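A.B. asks: Given the sequences, and given the hints that come with them, work out the whole structure.
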Amino acid sequence: MNETRILSEQETAEILAAAGHYPDKSAASVEALKIVQKYRGWVSDEALKTVAGLLEMSPDELDGVATFYNLIFRRPVGENVILCCDSVSCWMLGADRIREHLSERLGIGLGETTADGRYTLLPIVCLGACDRAPVLMVGEELYEDVDESKIDELLKRNGQTWTDR
Amino acid sequence: MAKITVDGQTYDVKAGDNLLKTCLSLRLDLPYFCWHPALGSVGACRQCAVVQYKDESDAQGRLVMACMTPVTEGLRVSLEAPQAREFRAGVIEFLMTNHPHDCPVCEEGGECHLQDMTVMTGHTFRRYRGLKRTHRNQYLGPFINHEMNRCIACYRCVRVYRDYAGGKDLDVFASRNNVYFGRFEDGVLENEFSGNLVEVCPTGVFTDRTFSQHYVRKWDLQHAPSICVHCGVGCNTSPGERYGTLRRIVNRYNGEVNGYFLCDRGRFGYGFVNSERRIRQPMLRGEPVSGETALAHFQGLLGGHTIGIGSPRASLEVNFALRELVGAEHFYAGFAQGEASLAAAILDVLRHWPVHNPSLREVEQADAVLILGEDVANTAPRVALALRQAVRNRAFERADRLKIPRWQDAAVREAAQGEKSPLFVVAPNATRLDDIAEAICRGTPEDIARLGLAIANRIDASAPAVADLSQEDEHLAELIGDTLTAAAHPLIVSGTGCGSLSVVRAAANIALALSNRREGRAVDLCYVVPECNTLGLAMMDERSVKDAFAAAKTRDLNTVIVLENDLYRRADAGAVDSFFNGTRHVVVIDHIRHGTAAKAQLLLPGSTFAETEGTLVSLEGRAQRFYSVMPGSGEIRDSWRWLADAAAKRWSNIDALTAACAAALPEFGPIRNAAPPAGFRVEGEKVPREPHRYSGRTAMFANREIHEPKPPDDPDSALAFSMEGASVDVPPALLPFVWAPGWNSHQQAVNKFQDEVGGALRGGDPGVRLFESPETAEPRWFDEVPYRLRDEARWRAIPLYHVFGSEELSALSPPLAERVPAAYAALHPEDAERLGVGETLAVRLNERVVRLPLRLESSLPRGAVGISAGLAGLFRSDLPAWIAIEKEGERP
Ligand code: SF4
Ligand code: SF4
Ligand code: FES
Ligand code: FES
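Listed in order, the protein sequences are those of chains A and B. Here the working numbering is used: position 82 in the first sequence is 82, and no number is missing along the way. Here the working numbering is used: position 675 in the second sequence is 1675, and no number is missing along the way.
Hint data in this document are derived by calculation from the structure and do not stem from the laboratory. Treat the hints loosely; a few may be bogus.
[Claimed, not checked] DEER-style ranges, computed between Cβ atoms:
(1) A:Ala27 - B:Gly1244: 55 to 61 Å
(2) B:Glu1056 - A:Asp145: 54 to 60 Å
(3) B:Asn1137 - A:Asn158: 36 to 42 Å
(4) A:Asp96 - B:Asp1435: 47 to 53 Å
Predicted model, so just to flag it, every value in this text is computed and none were measured. Every residue, glycine too, gets a C-beta built ideally from N, C-alpha and C.
C.D. replies: In structure tokens form, the structure reads like this:
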């Protein structure tokens, strides 16, 4: 497999630089995966194999790391990844309702991406903002005390992609 | 020792073990999943909870995990306390929320540790009504099925596959309820110990795919204690049969040999027994005849000059029966010429030098290892697995210093990081132990022998020196020599793999040098030999097929009897053909058709290991008895019975033959004690080969005969082809399978048969060692130093081995055949470039030109051609050799 065809020179350089910080290259697994995701939004099988080669790991080992973390995406995601907290505080304060509303507006379920590639809906564990439950995270941004109107507002801001039903 | 109290009962036990192991060794029933005697404790499953009390006055106690609790003086625990019982039942109930409860269609059913533990904890009613998560299963190759939904996330699979066996292509993915044990993508599990997943996984996630082809429940299988015939290690196995076909092979615990694990060649190589290529009918000049006719004809051929050619893949007894029939001077061991001299050289060292031939358990104790010229993972796989454990000794020492108990698996690994005891690999090519090696050196057999001799000289200056050593080799010899000298338990591993006497002798010199440095104490030396009875046969006779051919030339040969041996694997085809052409009568006794069987005028159907009894001598020098799993069908007879019936001398049963062999050849004296004799009884009863729940006995042959047939007699062993007989106090050598009430999974049931869990079997691990105390004659250094051979015109052809393919019988097993690569030749890429060769290489081997696909192998020494030994017509007997590479256009 030609490494440079799969990863850009930039990516390769950054990954090798990260790996250089540790006596054991595999210690840079998460950083390397984040570098790939930074440039591509997600980590494909081919990219993962290439990174594994750079870190002197088997793809199995690296994928074990990649799949352990919710925020390393092993499938393509939309431009905006909406993470719905489904842990206990949010669940008590209506997380299910919020998720249903989102699903209805976007026409997708958890783990799915809208046809136009704008949104992906994913569950996530406690985001550490239980006092403002229910919460969502979109990209890097946290949305607290979420209700239906906040959702509609949020979707409007990021671009409406669904057909009103 | 420590005094502990378990549920009010006091016991004197070994201090420092973990409490789970101690309880199991006391034969108490305590459920567990993640712990395994060979893998240690990680405390992952929470199934082994018990209540521990501070002192006598503590009535409350607290829950602890037994597998994580060290046994100390005065420890007070309860297995039966209600909190402990409830907790354990709760753990199972949780584990089962995602389990599909599909026992009726699960191949683990009936020997499932999860079933056993569920019953043991009393979780008998399912309350959970929610959804279960489901997984997609993977294709894992021809050996292993995958059904991930049955997983209980105990992590044993990755621990045995990765940590224990060094595999890379199995791992755990995702987290919490979604954890998934499998490969990165569908595909063949590459590690040659993958079959152990079937036994180590406590559920039906990993099951034996070859068994699926003809599946029956464990309780419907007829078993026997057996020995693997696919290499020289002599792993103990328990094959299972139903309706006359061999269905599968599982591990049979032997604390000194294979412990809990087999390699995939041994486990999945049994298909030849059921093969279309079996010889089932006597054939006279190509026509089937009855056994009586065949025997009468056979007897008629015995006048005149008759010779017998034995076989290193046949038992001592059957070889001896042939030797008796033709007379010792007319019996030839049937080795290839090279094999014969290698085996003789090895025997000489084992008999007379200050060496100790270690058991695999002892191999695991080594604290410094040198592998000299042997690709162990391909030629004696189970030894390679033991070596993988040996390099952990430094980690254990570090743990000892840190006061971490050795059984604390995760902590010991964490403390050690990558630290390993030194292991050096000196081999012709890359091996699957290179990943744990401190240093690797590659070269031709001559280079390897030179380095070996230099190491001996470094250790003891009175050993012969090697002139013109490269600087690199000199450094390496220093490093290896000094490391071995400093070690407390150094181990040398060598063998016949290189086909080089110099390599075998260099290894002996190293052992002698070390012994001289250790006041003459014996040094561990393990020689890998190719076949299941190479060593035993060599003890009987050291002559090769070439010697037989020469004898045939001196005198008009009337009859040759070839026993369980394909001579085309032992000498080049031309020589074999002319030998057969010059012989009036060719009699072949074997179980499988091959080139030699095709030449037989009289072909007699012999039996495989599954249908006969006998003794094999492993590379450890351990004589071990194997027993028939089933009677031979139709005209198939014990090979030795054909010979006995033809001879004037008759042995009433195998014991008589074993005794005759032991009497005739004093070195075999101990083999009589390898297992109890046929007359042995437990309370007047034989030992049944079938479990007590064996079903269908009265009806399974009703299509042939409505009355239940009488079980076949077995005059040759204390075992019965029956479900009735003694089931307790069975000596280990006679244990056909292991089972204990409540313990149906044999990896765990064996707990009940050991002195101490993970230790020796109660009554002693089976087998007798034949080289216990070497006569301390005065060994003289081997002092022939080979030249550093390089030849511009010719190439050094060296054998390359494949765990799947290089051995004759296992390669005939269809699932294993899927893993056998096509025959090939290999060159260093630069040599290939210099020669301008691409896809194929034409080499002149033994007067014939073979054109082989070319592999580029950068680990090969320059000037060498690697030839895949044992694959499709390329036999190791041809190698090593000087060969010519035929240039394009010069081809005939
Ligand atoms: S696959 Fe088997 S061994 Fe592996 S974690 Fe699951 S139950 Fe345990
Ligand atoms: S190591 Fe050898 S004896 Fe043991 S199972 Fe494998 S092939 Fe059989
Ligand atoms: S439960 Fe949702 S933020 Fe903590
Ligand atoms: S066996 Fe003790 S926690 Fe798993």
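A.B. asks: All the hints need checking, so say for each whether the structure fits it.
C.D. replies: Hints versus structure:
Hint check: Ala27 (chain A) to Gly1244 (chain B), Cβ distance near 56 Å, so the stated range 55 to 61 Å holds. Hint check: Glu1056 (chain B) to Asp145 (chain A), Cβ distance near 56 Å, so the stated range 54 to 60 Å holds. In this structure the hint that Asn1137 (chain B) and Asn158 (chain A) lie 36 to 42 Å apart at CB holds, the actual value being about 38 Å. Under the hint 47 to 53 Å, the C-beta atoms of Asp96 (chain A) and Asp1435 (chain B), about 49 Å apart, fit the expected range.
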